[in-house]
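Residues per chain, in single letters:
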Amino acid sequence: MDTTVAATGTEEEKWGGGTRPLNASYGKLMMWFFILSDALTFSGFLAAYGFSRFKFMEEWPLADEVFNHFPFLHGTDAPMFYVALMTFILIGSSVTMVLAVDAGHQMDRKKVAFYMLLTVIGGMVFVGSQAWEWKNFINGEYGAVKTKGGNILQFLDVETGKRVALEDFTQIGPRDVVPYGNSKGIWFESSGDYNATYTIEEVKNGFAANPNVTIRTQKIEVNPETGASEKVVLSRADALVKLNKEAVGVVEGANLSENEYGAPLFADFFFFITGFHGFHVFSGVVFNLLVFFNVLLGTYERRGSYEMVEKVGLYWHFVDLVWVFVFTFFYLV
Amino acid sequence: MADHVSHTEGHTEHKLEIFRGLVKFKSNTQKIWGVLVFLSLITIVEVALGYIKPDVLNGTFLALKYLNWIFIILTLVKAYYITWDFMHMRDETSGLRRAVVWSAVFLIIYLMAILLVEGDYIYQVYRDAAVSTDF
Chain A
1 MDTTVAATGT EEEKWGGGTR PLNASYGKLM MWFFILSDAL TFSGFLAAYG FSRFKFMEEW
61 PLADEVFNHF PFLHGTDAPM FYVALMTFIL IGSSVTMVLA VDAGHQMDRK KVAFYMLLTV
121 IGGMVFVGSQ AWEWKNFING EYGAVKTKGG NILQFLDVET GKRVALEDFT QIGPRDVVPY
181 GNSKGIWFES SGDYNATYTI EEVKNGFAAN PNVTIRTQKI EVNPETGASE KVVLSRADAL
241 VKLNKEAVGV VEGANLSENE YGAPLFADFF FFITGFHGFH VFSGVVFNLL VFFNVLLGTY
301 ERRGSYEMVE KVGLYWHFVD LVWVFVFTFF YLV
Chain B
334 MADHVSHTEG HTEHKLEIFR GLVKFKSNTQ KIWGVLVFLS LITIVEVALG YIKPDVLNGT
394 FLALKYLNWI FIILTLVKAY YITWDFMHMR DETSGLRRAV VWSAVFLIIY LMAILLVEGD
454 YIYQVYRDAA VSTDF
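Protein chains in written order, with this note's numbering: chain A, 1 to 333; chain B, 334 to 468.
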């Protein structure tokens with residue numbers, strides 16, 4: 001800190017906030033401290049995620065099986081490519097943001113506006129991508145069965161080892177109750193077993209009738225040869241016994257209380273952490289839009305400084321920074 | 334707020350070298366693109382490793398696979414360059430740098446260590462318990 005006694009006539013400026021501690025303006029300093037506290041919030045969430053993951057070390061879903069969709073490539077197994085693309089989009093919009101800050105230093109209004117616009121578009125594309133990701137996660141793909149103990153059983157082809165969807169081996173049987181549909185206007189009422197497309201009895205019958213289907217549990221074991229983590233696959237005989245003895249319900253897709261991919265906590269953390277991050281991106285887009293309009297109106301030109309662009313820029317880069325960690329801990333590790 | 338104080342003096346001057354001076358850039362814009370290329374390369378390596386999952390990296394060190402160590406280290410490298418060059422932490426005073434970065438780093442390491450050890454302990458209790466969790 002500078003301890004030099006200011007020259008005469010500057011006292012007012014000094015005590016009026018003219019002296020900048022740490023050589024940063026008040027606004028930037030406060031933005032940094034906000035970012036610090038927000039970073040600690042996010043690390044609290046991610047640490048809680050790590051806690052639960054260590055707690056359920058042997059049954060956590062394998063991320064590259066959960067997130068393997070890519071737009072327009074329906075049915076193709078493309079693990080992580082989509083989130084990688086989202087990462088590039090966000091890093092890209094970080095770059096346009098820092099270019100806007102740079103243009104602001106040169107007091108180039110048109111350039112700042114152009115880069116701010118690109119940043120806003122990048123942010124919107126990212127939020128849209130996240131919505132698409134949520135949609136896939138919520139709808140699910142193959143469907144699964146829930147046991148009394150709250151574990152998930154998934155279905156596999158005996159020969160290929162590939163996942164099999166419920167619809168591939170289950171027939172809808174006669175129903176004495178017509179399922180409620182969204183169009184009936186009572187969507188919010190739980191209709192028990194008829195909420196899912198199939199009843200557990202239908203799945204059991206279908207499974208018994210299809211000898212080429214077996215069950216995969218959510219237990220992870222280490223392959224002694226390669227050292228890779230793999231889910232335990234039951235023999236056909238064991239699978240029949242387990243299904244008939246333990247299965248209590250059909251699970252399709254994911255929500256806060258159950259999900260077809262495995263431990264329900266996985267879905268809870270996914271919704272909560274990516275949701276909280278998505279909310280940050282959304283608010284960042286709103287701030288960026290406001291600043292963009294102010295740039296167009298010439299507010300900062302008149303103020304003689306584009307520091308506001310720098311401040312929202314810090315927030316925007318922070319959002320990117322958090323995503324880098326979410327990407328690693330949700331999708332890679 | 335005394336808004337009339339000289340804003341322009343702020344941080345128009347940027348430090349233009351990364352990797353401890355190994356790579357030097359001519360302008361700030363050039364540096365931004367350079368950092369983008371570097372961050373993209375790291376992301377590509379991460380995704381490639383995550384896709385291939387080489388068996389060589391399945392060994393463990395401190396209860397974590399080598400592959401996961403690589404991911405975490407690469408993530409920290411990315412975080413460093415985002416903070417230092419995109420957020421211009423490189424150009425701030427060391428006091429500001431330490432106030433923000435050290436607080437975060439030490440608190441997060443502390444939190445992580447406690448929670449992960451505790452999570453692992455509960456996992457062991459479940460594993461060795463007389464009561465089955467799979468019924």
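Derived from the structure by calculation, the hints contain no laboratory data. We put the CB at the ideal spot given by N, CA and C, even for glycine. One thing to keep in mind: the hints can contain errors.
Think about it this way: if two alpha-carbon atoms lie no more than 30 Å apart in a straight line, the pair counts; the simulated BS3-like pairs of lysine-lysine are [unchecked claim]:
#	chain 1	residue 1	chain 2	residue 2
1	A	LYS110	B	LYS359
2	A	LYS311	B	LYS359
3	A	LYS148	A	LYS204
4	B	LYS386	A	LYS231
5	A	LYS111	A	LYS162
6	A	LYS242	A	LYS204
7	B	LYS359	B	LYS348
8	A	LYS311	B	LYS348
9	A	LYS162	B	LYS357
10	A	LYS135	B	LYS386
11	B	LYS398	A	LYS219
12	A	LYS135	A	LYS148
13	A	LYS111	A	LYS231
14	A	LYS111	B	LYS348
15	B	LYS398	A	LYS162
16	A	LYS111	B	LYS386
17	A	LYS146	A	LYS162
18	A	LYS111	B	LYS357
19	A	LYS311	B	LYS357
20	A	LYS111	A	LYS135
Computed far set for chain B versus chain A, every beta-carbon distance over 12 Å [unchecked claim]:
#	residue
21	GLU350
22	LYS357
23	LEU382
24	GLY392
25	ARG431
Listed next, the stretches of chain B that the computed footprint assigns to chain A, with coverage defined by at least 3 CB atoms under 8 Å from CB atoms of chain A [stated by the list, open to error]:
#	region
26	408 to 419
27	432 to 443
28	454 to 468
| query | Keeping to a limit of 30 Å between CA atoms, is the pair of A:LYS111 and B:LYS348 held or broken? | reply | holds (22 Å)
| task | Verify that the Cβ of B:ARG431 lies farther than 12 Å from every Cβ atom of chain A, and report whether the claim holds or is violated. | result | For B:ARG431, whose nearest Cβ neighbour in chain A is about 10 Å away, the distance does not exceed 12 Å, so it is violated.
| field | Beyond 12 Å from every chain A Cβ - status for B:LEU382 | value | Nearest chain A Cβ is 8 Å from B:LEU382, so the label is violated.
| query | Holds or violated: B:LYS386 with A:LYS231, Cα cutoff 30 Å? | reply | Holds, because 16 Å separates the two Cα atoms, which is no more than 30 Å.
| query | Does the no-contact call for B:GLY392 survive, Cβ to all of chain A over 12 Å? | reply | violated (7 Å)
| task | Would you mind confirming whether the straight-line C-alpha gap from A:LYS111 to A:LYS135 stays at or under 30 Å? | result | violated (36 Å)
| field | Satisfaction of hint between B:LYS348 and A:LYS311, Cα-Cα up to 30 Å | value | Holds: A:LYS311 and B:LYS348 sit about 19 Å apart, inside 30 Å.
| task | Compare the distance between the alpha carbons of B:LYS398 and A:LYS162 with 30 Å, and conclude whether the hinted pair is satisfied. | result | holds (26 Å)
| message | So if I understand the rule, the pair passes when the alpha-carbon distance is 30 Å or less; does A:LYS135 with B:LYS386 pass? | response | The hint holds at about 27 Å.
| task | Below or equal to 30 Å on CA atoms is what counts here, so check A:LYS311 against B:LYS359. | result | Holds, because 25 Å separates the two Cα atoms, which is no more than 30 Å.
| field | chain A over the region 408 to 419 of chain B, status - at least 3 residues with CB closer than 8 Å | value | Holds: 7 residues of the region 408 to 419 of chain B have a Cβ under 8 Å from chain A.
| request: For the pair supplied as a hint, A:LYS148 and A:LYS204, confirm whether the alpha-carbon distance does not exceed 30 Å. | output: holds (15 Å)
The structure is inconsistent with the numbered hints 5, 9, 13, 16, 20, 23, 24, 25, although it conforms to all the rest.
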